[in-house]
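*Asks:* Top line first, the protein sequences correspond to chains A and B.
Each step along the first sequence adds one to the number in the numbering used here, with nothing skipped, and position 99 is 99.
Each step along the second sequence adds one to the number in the numbering used here, with nothing skipped, and position 61 is 1061.
Hints were generated in silico from the structure; no laboratory data involved.
Ideal placement from N, C-alpha and C gives every residue a C-beta, glycine not left out.
Careful: at least some of the hints might be erroneous.
[To be verified] From the derived model, a few chain B residues whose C-beta atoms are all more than 10 Å from chain A:
#1 D1016
#2 P1037
#3 E1071
#4 Q1083
#5 E1115
#6 R1142
#7 R1155
#8 L1162
[Claimed, not checked] Here chain B is said to cover these stretches of chain A; the calculated rule only asks that three of the stretch's residues, wherever they fall, bring their Cβ under 8 Å from a Cβ of chain B:
#9 34-41
#10 49-56
#11 128-136
#12 150-156
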Amino acid sequence: MVMMTSSLNETELKTLKDLLNSYIGRKTKPAFSMILGEEVEYSVRSMNLMHLQDIDGILLPFMNQEMCAIYLRAEGDVRIGMLLFMQESQALSLAAKLLGKDTLDRLDSMGKSSLAEVGNILLAGSVLNAISDSTGFRIDCSVPGFAIESLGAILGDPIAEIAVRTNSLILAGVELYAPKSNVRVYIFLFFGLDDIKKLLAHAKDG
Amino acid sequence: MDGEISVGMGELEVTDDKEAVLATFVGSCVALCLYDPQAKVGGMAHIMLPDSSKDASGRGNAAKYADEALENTIGAMAEKGAQAGRLVAKIAGGAKIFAHEGSEDMFAIGTRNAESLRKLLQKRGIRIAGEDVGQTYGRWVRFNISSGQVKVGKRGREEKVL
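Isolated chain A (complex conformation):
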C-alpha cells in the first residue's frame, strides 16, 4: 500500500531549499556558465507546497505571460517535472548566442532545437544528475518538449502529471542570470509529496 503524506514542515522545506541550492550551485550554474562562456548568478527563489485547489489563484496573475519553455519529465525512483522557461526576447538572445549570431528576429527550427538542448543540459544533465548523485536514485528522463505559450498553458502539463496522485505538489523556483549577455532564465521543478519525502530521506549533500 502506498502511504500518502499531506504536508511538509518548515524544517523540511528549508532542507529542500538548501539541497536545491547545493545542486544548482555545483552542477547547473557551471553548466550554464560553460554554455554562455561567462559567469552566471543563480538564486533559489522559492520552495512551496501548493494544493491543487489553490494553484489557479496563485498563478492567475501570471497566466497570460507569454514564455518560451522546455519541459522534461523524469520518472523512476521518483517522478519530477522540470521546466526551463524565459521570456521570448531572452530566448532570442540566448539562441543567437548559441548559434553564433549577433541577433535573431525569430526562433526558427535551429533556434528552438538549440534551446531544447540547453534545457536538456540544464535539467537532465545537471539538476537530475545532481539529484541522482546525491540520492542514488535511478531516474530516466524524457526528451525535451518545446513551447512558446502563455505560462498558464505551459504549467498545465507538469501540474497535471505531478499533482494527480496527492492533489498537491512541491514547486521549486530557480533563477539563473548571465549579466554580460543579460540573459535571464527560470527553472521550475515539480515534485510530488511522497517523492520529496523519499528525496529527503536519501539525499546526501556535498
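Following the hints, position chain B against chain A.
*Replies:* Leaving out everything else, chain B in the frame of chain A:
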C-alpha cells in the same frame, strides 16, 4: 467580469443562476461544458487527465479525471433540476502544448483527455454540440448560463463561439 465564476484545475461548478458565466483556462486540460437548455442549468468541469482507473490513490477533486468529472457534473446538475436526457455538451482544450522531435505520444496528454471525454459522452448518449480542441495553444473558456453559449478565447486569435 460580473457574475463570472472561476473553475479551478480539477474542479467543477454547476449553477442555475442565469446571470452566471462559468470560466476557466485550459492548455492540455479540457473544459467540459454541459447544458440543459430547458432547465437553464449549466455545469463546467476542468478535466486534467483521461481516466481515473490508473490512479491507485489521491482521489479528492471532483473533476480531475474525465470519467469522474462527467458523472459528478451530471449528478450535480440533476440536483438543480437538469435531466440527463436533455443535456448537450461543448468541449474545449486538449492542446498539445509541448512539441518535440521524438514519439508523437510523449506529451499527448491533451489529445488523450479529449478522446476519452468524447468516448464517455458518446457512451452516455450526450451530443457534442460544439468543440474547439487540439492544436498547440491555451484557451480561455467562458460558458454563459443564460444562452448556453461558450466563448473560447485564444492569445492572438479571434474568439470562437460554440
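*Asks:* Each hint: holds or not?
*Replies:* Each hint, compared with the structure:
Distance check for D1016(B) against chain A: the nearest CB is about 23 Å away, which clears 10 Å, and the non-interface claim stands. Taking the minimum C-beta to C-beta distance to chain A, about 28 Å, the non-interface status of P1037(B) holds against the 10 Å cut. For E1071(B), the requirement that its beta carbon stay farther than 10 Å from each beta carbon of chain A is met, with the minimum near 18 Å. Q1083(B), annotated as away from the interface, keeps every beta carbon of chain A farther than 10 Å; the closest lies near 30 Å.
No beta-carbon of chain A is positioned within 10 Å of the beta-carbon of E1115(B); the least distance is around 16 Å. Every Cβ of chain A is farther than 10 Å from the Cβ of R1142(B); the closest lies at roughly 14 Å, confirming the non-interface assignment. Consistency note on R1155(B): stated as away from chain A, yet its beta-carbon is not over 10 Å from all of that chain's, at 6 Å minimum. L1162(B), annotated as away from the interface, keeps every beta carbon of chain A farther than 10 Å; the closest lies near 19 Å.
Judged by the Cβ-Cβ criterion of 8 Å, the stretch 34-41 of chain A is not covered by chain B as claimed, because only 0 of its residues qualify and three are needed. Residue count for the stretch 49-56 of chain A with a Cβ under 8 Å from a Cβ of chain B: 4. That meets the three needed, and the coverage hint holds. Against chain B, the stretch 128-136 of chain A contributes 0 residues with a C-beta closer than 8 Å to a partner C-beta. That does not satisfy the three-residue criterion, and the hint is violated. With 6 residues bearing a CB less than 8 Å from a CB of chain B, the stretch 150-156 of chain A meets the requirement of three and the coverage assertion stands.
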